[in-house]
Each structure stands twice: as structure tokens, then as C-alpha cells.
Amino acid sequence: MVRLATRIGRLTLANPVMPASGTFGPELAEVMDLDRLGALVTKSVTPEARLGNALPRLAETENGLLNSIGIPGKGLDAFVAQAMPEWRRFRAPLVVSLSAPSVAEFAHAAAVLAATPGVAAIEANISCPNLEEDGRAFAMLPETAAAAVAAVRAACALPLWVKLSPNTADIAAVARACEAAGAEALVVANTILGLAIDIETARPKLGAGMGGLSGPAFKPIALRLVWQCAQAVGIPIIGVGGISTAEDAVEFLMAGASAVQVGTASFVQPTAMLDVLDGLVAFCTRRGIGDVAQLVGAALPRERLAAE
Amino acid sequence: MDTAPSGFAVAQVACPVLESVAVGQRYHRLVVAAPGLAARTRPGQFCHLLCRDAGGSGPFLRRPMSVWRIGADGTLGFLLHVKGRGTAALARLRPGDALDVVGPLGVGFALPPTARRILVLARGVGLATLAPLVGSGPQVHAVLSARAPGDLMADEFGASSYDAVFDSDGSSAPAAVEALLRRRFETERPDAVFTCGSNRLFLVLQRLAAEYGIPGQVALEQQMGCGLGMCFCCVRDIRDEAGHISHQRVCREGPVFDLQQALAW
Chain A
1 MVRLATRIGR LTLANPVMPA SGTFGPELAE VMDLDRLGAL VTKSVTPEAR
51 LGNALPRLAE TENGLLNSIG IPGKGLDAFV AQAMPEWRRF RAPLVVSLSA
101 PSVAEFAHAA AVLAATPGVA AIEANISCPN LEEDGRAFAM LPETAAAAVA
151 AVRAACALPL WVKLSPNTAD IAAVARACEA AGAEALVVAN TILGLAIDIE
201 TARPKLGAGM GGLSGPAFKP IALRLVWQCA QAVGIPIIGV GGISTAEDAV
251 EFLMAGASAV QVGTASFVQP TAMLDVLDGL VAFCTRRGIG DVAQLVGAAL
301 PRERLAAE
Chain B
1 MDTAPSGFAV AQVACPVLES VAVGQRYHRL VVAAPGLAAR TRPGQFCHLL
51 CRDAGGSGPF LRRPMSVWRI GADGTLGFLL HVKGRGTAAL ARLRPGDALD
101 VVGPLGVGFA LPPTARRILV LARGVGLATL APLVGSGPQV HAVLSARAPG
151 DLMADEFGAS SYDAVFDSDG SSAPAAVEAL LRRRFETERP DAVFTCGSNR
201 LFLVLQRLAA EYGIPGQVAL EQQMGCGLGM CFCCVRDIRD EAGHISHQRV
251 CREGPVFDLQ QALAW
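Top line first, the protein sequences correspond to chains A and B. Numbering of the first sequence is given in the numbering used here, commencing with residue 1 and proceeding in unit increments. Numbering of the second sequence is given in the numbering used here, commencing with residue 1 and proceeding in unit increments.
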């Protein structure tokens, strides 16, 4: 037997495998048993209803995917009234991804979620544009990231995870700022900005122009970001970016992640999360590892491990 | 191999290819053994196909493909227009290779219970989506539109009663198709109409069906990511009964929509 229970701050998950926000919904219950997952993570909820971006919203790349969906949704009130009852059918802890265009709206929405039964944690998606900073993402700079995190922290007592963006000059500095502002875990990382052009029309392939790259093509970058953040902070890290196999997940754990999220892979293999989970158990069994937590940080520089 | 029911409404199954044959210049027919899927698939639904040839080559994402044939013998058939990397990889599959199928997906056609006679209007490979309506109960009359007689695929459609119209002789022009439909509506009024494959023909049928008070449905196509309703890539503008326009997912709320509620694309 391999021990899979995974502590992320105040939450203990049954296992370290969960979906990545934006690539998952209750619809997947038609294909697999969602109660086997360590946690469920919603699409980002925004205070206001949003239509989303112009089509096309996806562009395939070599071994990956560019997306610019634009967080369409009915808004926070509809989420609480309509989506939450559906989410409560499932057993795994529900992590609500929250995105907002200003610090004040982050705080207000966090307070609403804190008053909503069934929300186990908030994952603050600070990769969204900050309308008070010319549309630059909160996660680009340590100061703006910390402001959003501190606002959510002050507004609610729920476990708080913060999803970082690769689109920053110094992710370690952003990670430290979020930890100092009250983050209990970091989700590393969101998609990295990219572009694809239709050479017949000389226009970007995505309706919105740029988009976020995900999938296997992005994995080495995400893995590097996890490795950097793990050496910068003491709070748990949840690794995400291009994970489609158990071997990928093991790499992220060894780079310092305590848990992993699977996203784009579910589009290609709907049961990818369960394949990752089963493969993780098989890997540990083959290697004689009794607790999946033993893998966490195994590839980090030794001085870091000695310091713990 | 697709054998026992999994307990889940949607399954991912490696289906043995039974038949893989070029149809005319541009099209291809794939038939796979999929008894569990075939038993659950309804006309108008689609499957999400992993487009990898036997050597594993093909694009990253799956491709949505209408189910063209739902065999009583436990087979599923797909009729493809070979035009990109995904469909080219599918066309390279040979009998004995495996096709990775996720399905059945989406909301299929809803025949009015009292429908005795229906009319379908198909453009090009759009006839594949409509073909399972043949043999579903009502008597089917088809209007099939194609570039030229060599592209028609009337045999693939399977209806014995049809009119064929072509770009090559001008008979597929919207005005000509409208005249043809009007004659049909006047002499052998259908109880319901269905269309797929052309924005221009959809608009003609939508207008005439409204004028004659005939209910109808349209099967829409759209680029998809997950095929399951999670990624919100495949949305289209749909008008509800109150006239309010909103985004609906072609993979989830569709691909079949009410003829009057769908908007031109």
C-alpha cells in the first residue's frame, strides 16, 4: 500500500491529483468517477457575468494548445445559486478558482465564497488583468500579486491557494510576496503567453490575438517554475503545466510540488487524471516508496533539503 | 474493445477498424466495431476521435466527428471530408488498426412523435450527420447539394427519395433551392425539416420553415477542445424562445439546435 494522503496547508487531500482550473467541469462525471480525485477545481468564477473572448478560442500547436477563452461565466451570484448545488454532489474537497478585475472585488467575492457551504478552499487566479493597473496581470509583479492575496486573506478565513503566472520577470519574488501576504499554497503555473498566426490570412489564429500555451510543449517551463518557487517559499506548491502521465507528475513532485493538477491532457484522454493517479501508485510500488510525500522535493538542491 | 457497459454515459474505447475506404476525390469512409457505443448512440450525436494513424502520427487534439452510420450489428461509421492533418491521419487507418473513440456526445435530433414525413437538406459531407435519420421511422426525402455529380455521395446518404443540386450546373444556388423547397412544401409538406453543412442553405430553410410553420432542426459544426462541455471553445450564438441571444456550447447543448433558434454563422 502506498500512502497518498497529501497535506496542502490546512487541507488534507485523499491523494495529490486534481484538475487544473478551466479544463474541468462536472461534465467529466459522465466519463469517470470524480470521487477518486484529491480535489475538484472549478473554472474561474468572476464577480460579474462575462461573455468571454472572440472566437476562435483555441489554436493547436505542436504538442500543445493556445487558448484565449476569456473566462466566460454567469458571475458569482449565479455560481453560488446554480453551480454550487451541482458541485456538492461530489465527495472531494471543492476548490473554487476566483478571478476579479480589482483588489476590492477580489475581497468582496472571497467573502461571498466564505459564506457559501461546500467551498473547501479558494484558488486565487491572479493571472487575470488588473483593471486598476492598465490591464497588467496581478501576478506580473510582487506588489500587485501581494495586494490581491492580502485582500482575499483579510476578507475570508478559507484556505487560500494562489495561482501564479509564468508571465513575470521573477517568479520567486512573486512567490515570496504571495507567501508573505497570506497564501497557504501556490499553484504553479498558469499558461504562458504565446501566439499563432494563420499565414493564409496574416491574422492571429486566436480571436483575441495572444493566448496561453498549455500541454506537453509547456511542461519543461512549468517544471522549472515549480523548482524555482520550491526553493523560494516554505508553503506547499501544487504543480501544473503539461502533465499528462504519471511520469510527468513524478517530475513535478521531485521538483518540489506536493500535489499536481492535470489540465489540457484531459481534453485528449478524458481519464488522464486517473491514469496519472494509478501510475503514481505503480511508480511508488515499483520503487518501494511507501508514502508519495517522500518524492516531494527529491530533485531539489541538497542544501535546501538540509535546511528543512 | 468495446464490450460491457462501463456505468458511464460516455466511454473512451479503442475500436477495431473494419473498413477504411476513400469515397470519391475528397471523402473517406471509416467503419469501426463498437457494440457498446453503437447501442447508445442516437442520430445527430457525435464522437471525439483521436486522429492518430497506426504509427501514432496526427494532431494533438481530438476531432469531433458526426456519427454517419449506427449499425444494428454493433458498428459505428464516420464519413470524413479529408482536408487537414486530423482527417488525413484518420484516412490512413487500415482494417485491424484501432481508432480511439470518445462518445457518444452531444444532443441529437428530436423527431416530432407524430412525424410521418421529413425533409432533410444537406450540403457536402453534412449529409453524414443527417444520414442516421434515414430508417429512424418517418419517410425521408432529401435535397442533397454538392459541388458536382462526382461529389454527391447519394449512396452514402441512403435515402431512396432525393433531389440532387450542384454548383456545376447552378442548381445549388440558394434561389434555385428555395424554389425546389417551395414546390416540395406545397405538394408533399414535410412534418419536420433538418439541415447540416451550409450557412446559406440553413438561412433559406430557416426562412421557409418559418413561413410554412414547419418545425425543424440544424446540426452545427464548430472547432472543439474537450468535446465534453468543459473548455467553452465551441460556443455559438443561439436565440432562446424569449428572443434572448446567448452563447451555447455546440458540444453540449448541441450540436443539434432548433432551426429557428440558431443564428447564421
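Because the hints were derived from the structure by calculation, they are not lab data. Backbone N, C-alpha and C define an ideal beta-carbon position, used for all residues, glycine too. Any given hint could be a false lead.
Stated by the list, open to error - Sample of chain A residues facing chain B (criterion: CB under 8 Å; computed from the structure):
#1 F24
#2 L28
#3 E30
#4 E60
#5 I69
#6 N167
#7 A169
#8 L274
What the hints assert, rightly or not - Covered stretches of chain A (in silico footprint by chain B; criterion: 3 or more residues with CB under 8 Å from a CB of chain B, positions within the stretch not fixed):
#9 114-126
#10 263-273
When the structure is checked against the list of hints, which entries are broken? Sort them ascending. 6, 7, 8, 9
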